[in-house]
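Colleague: What follows is each chain in one-letter form.
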Amino acid sequence: MKEKTQILDKDTISRSLMRIAHEILERNKGIQDICLVGIRNRGAYLAKRLAECIKQIEGSSPLVGILDITLYRDDLTLISTQPVVHKTEIDFDLDDKNVVLVDDVLYTGRTIRAAMDALIDLGRPKTIQLAVLVDRGHRELPIRPDFVGKNIPTAKNETVELRLEECDGKDEAVIIEK
Amino acid sequence: MTWTKKDLLGLEYLSREEIELVLATADSFKEVSTREIKKVPALRGKTVVNLFYEPSTRTRTSFEVAAKRLSADVINIATETSSVKKGETLIDTGKNIQALKADVIVMRHNYSGAAAMLARSLEISVVNAGDGWHEHPTQALLDIFTLKEKLGRIAGLKVTIVGDIAHSRVARSNTWGLTKLGAKVTVCAPNMLIPPAIEQMGVSVCSEIDKALSDADAVNVLRMQFERDEQNAFPKQLEYFKNFGITAERLEKAKKDIVVMHPGPINRGIEMSSEVADGKNSVILEQVTNGIAVRMAVLFLVAQAAERNNAKNTD
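Protein chains in written order, with my numbering: chain D, 483 to 660; chain H, 20 to 334.
Hints in this document: simulated from the structure, not taken from any laboratory. One or more hints might be untrue.
To list a few chain H residues with every Cβ distance to chain D over 12 Å, as calculated [unchecked claim]:
| hint | residue |
| --- | --- |
| 1 | Asn-210 |
| 2 | Ser-226 |
| 3 | Met-315 |
Derived pair list, reagent style DSSO-like, types lysine-lysine, alpha-carbon separation capped at 27 Å [to be verified]:
| hint | chain 1 | residue 1 | chain 2 | residue 2 |
| --- | --- | --- | --- | --- |
| 4 | D | Lys-492 | D | Lys-660 |
| 5 | D | Lys-569 | H | Lys-105 |
| 6 | D | Lys-569 | H | Lys-49 |
| 7 | H | Lys-87 | H | Lys-57 |
| 8 | D | Lys-569 | H | Lys-58 |
Idealized CB from N, CA, C, for every residue including glycine.
Take the sequences, apply the hints, and build the full model.
Modeller: See below:
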């Protein structure tokens, strides 16, 4: 394991989020019926930040929820350490909403598959859109993001790690070689 | 903290961290029961067998609801109508269930240690739903979960357990769990229902109910199991209520927000008055609701651990 390169720093992350916020508003023609649902852990922090950006633009903040997808994973027995089950915190009705799923790094698409299953168990959204800060390629499912911070081609033996101030002490994204 | 045990046999065998992991996992599962579609696919494709050698409605139903909310398939075996009546041994019954490729056996048995014996003979998970006078771990976990939810912590709490301590697996499991988490436990009962050397479990004994309630943060009232009193060792019902029954008058002298728990089914007018059972201090129905989340957590954790162990063995 060694850190290869920094691909995003604090400023580029906040600029990307601001651009994504504008794109979400443009696509949905305003804030009405939009809600942001972040996937634990880092997607949840990103969703909160995106809501802040939207508030700066529109003056009001969209609904924000947190989704824990542990129970919907298809690899529970394959991963070496048992994941801790956390709470899903979506205290509003998803029916007929335009839900923007927010995650940090998009890779195989399996997390998003699980998240969509979880969302649909909770209600019947009008649309589900996907916002990610980094798309590193190598999809295994037919899933594509609607809003992307940065496309970063990677090799399979690399991983992209996004660090956020809320949980890691600083904002950056780095490529790590295994 | 990772859960590695394929079975849940009793709280005596768990560390403080393991108990806290179950409580934290249960806290996450509680939300599932508030959804319109009360189901997650975590145990899809798994089979849970309820094997009950003693009559039980609420524990069995609670386990069944918990398993179904995790999308597992549930099979109930009541031993009165099974081959057990034809003389099949417990281990043979267990091995047959394992051969059906079930994943978890939830067992209640009238012999202490039965769950441990079954767990040793099988590769699939065994969850103890009460074995004789020994342990009833999920009941204690849900009691502790409810207490923690109500009072915000367990460490430093004073908890009084009232009733037939000698024959109560609920009392024993609660004592193990509460003391491991740092609560102070007092047991209160007529002398003949206090087992000898109970102090060695780290509890204090008190035979006066008013004293036992005076500084308690919570009281867990056990069911008097008059149907099991073959030796006529119990006080008469009215006498018990007079000396140990929890009444509004007695609670008036206790802490104002004392939490009153009962594992059910309640004998109204024997262990507590109806006024207390339905009163503002009572959390008895919340215990039932929390029982589902706690049992979901337990089924999830043991099934995961068993699968992980199997994966290792076949590598």
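Colleague: Each hint should be assessed against the structure and marked as holding or not.
Modeller: Quick rundown of the hints versus the structure:
no.	hint	in the structure
1	Asn-210	holds, 45 Å
2	Ser-226	holds, 43 Å
3	Met-315	violated, 10 Å
4	Lys-492(D) <-> Lys-660(D)	holds, 24 Å
5	Lys-569(D) <-> Lys-105(H)	violated, 47 Å
6	Lys-569(D) <-> Lys-49(H)	holds, 9 Å
7	Lys-87(H) <-> Lys-57(H)	holds, 9 Å
8	Lys-569(D) <-> Lys-58(H)	holds, 14 Å
In terms of the numbered hints stated before, the structure departs from hints 3, 5, listed from lowest to highest.
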